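In case you want the letters, here they are:
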Amino acid sequence: MSIRLLSSLSVLAVLAACGGVPKQRFRFDAIDVAESPRPCLVVVNDDWAAAAEKNQLVNVADDDELVLEIEFPTDETVVTMAPLTVENGKVVRMPKSRKEARDYSGFVEEPRKLRMRDPERQLFILPRKSSNS
Amino acid sequence: MRSQAAFALLLLAGACSSTPVLVVKVDPADATVFVNGEKTVKGGSRPLAFDFSKVDRICVQATHPDYQPHFEWLDREMVDRMIEKNRDITITLQARN
Numbered sequence: 001m002s003i004r005l006l007s008s009l010s011v012l013a014v015l016a017a018c019g020g021v022p023k024q025r026f027r028f029d030a031i032d033v034a035e036s037p038r039p040c041l042v043v044v045n046d047d048w049a050a051a052a053e054k055n056q057l058v059n060v061a062d063d064d065e066l067v068l069e070i071e072f073p074t075d076e077t078v079v080t081m082a083p084l085t086v087e088n089g090k091v092v093r094m095p096k097s098r099k100e101a102r103d104y105s106g107f108v109e110e111p112r113k114l115r116m117r118d119p120e121r122q123l124f125i126l127p128r129k130s131s132n133s
Numbered sequence: 001m002r003s004q005a006a007f008a009l010l011l012l013a014g015a016c017s018s019t020p021v022l023v024v025k026v027d028p029a030d031a032t033v034f035v036n037g038e039k040t041v042k043g044g045s046r047p048l049a050f051d052f053s054k055v056d057r058i059c060v061q062a063t064h065p066d067y068q069p070h071f072e073w074l075d076r077e078m079v080d081r082m083i084e085k086n087r088d089i090t091i092t093l094q095a096r097n
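Residue numbers (the working numbering), protein chains in the order written: chain A, 1 to 133; chain B, 1 to 97.
Hints are computed from structural coordinates only; laboratory data are not their basis.
Away from chain B, derived, C-beta distances all over 10 angstroms, residues of chain A: (1) Gly20; (2) Pro37; (3) Val60; (4) Asp64; (5) Val67; (6) Leu68; (7) Glu69; (8) Thr85; (9) Val86; (10) Glu87; (11) Gly89; (12) Arg93; (13) Arg98; (14) Lys99; (15) Tyr104.
Lysine-lysine pairs mimicking DSS-like chemistry, simulated, CA-CA at most 30 angstroms apart: (16) A:Lys113 to B:Lys54; (17) B:Lys85 to A:Lys113; (18) B:Lys39 to A:Lys23; (19) A:Lys113 to A:Lys23; (20) B:Lys25 to A:Lys113.
Not everything, but these chain B residues come out facing chain A in the computed CB check (under 8 angstroms): (21) Asn36; (22) Gly37; (23) Glu38; (24) Cys59; (25) Gln61.
Please read all numbers here as calculations on a predicted model, not as lab measurements.
Backbone N, C-alpha and C define an ideal beta-carbon position, used for all residues, glycine too.
Only chain A is shown next, with the shape it has when bound in the complex:
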């Protein structure tokens, strides 16, 4: 490998490291159709394990919001608001999929494609699961 090629590759690597993946800060909240706070797990790009591990929770211990920095390696990043069942301020069962979230909680999750320049506050309104959902 020539020195010129090596130095070009090094410059590219440094640029990639410095530039990194663009990020944007969002505030997430969830309510039901009657406007009551709904406990939820905020799942980014379908990574359910990471969401649970990082405690990306909203309205579990209190009526609150979750502030998250979302990475945008592409134009859009999918954020899923997954409903939870909470007893005494603790999650009864942590879902590992959209189906589990729906089955455990009786509410319907919502996936949303976000872009970098979308509004900072992202409110999700989750309906109850119907007999055919």
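Start from chain A and add chain B according to the hints.
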């Protein structure tokens, strides 16, 4: 009278700035409308300002306990087209099963 004055003020503000103003109509009339996750006052029909200075899209949502919630994105082009055609944003919620 008060709502007419507020509407006139909003239209004036819209005319003086680049912030477009559109009338949002929702059925049922007692549904709540949210713009960018913030609650607007309940009501069947009211003018709302759509500020694109910091965002590329604006999120409009509506909810009512007896209906399916509504969600839609509006971009500047869509809003400009509606203003050009003198159209309102009409949201009709679907009854829950």
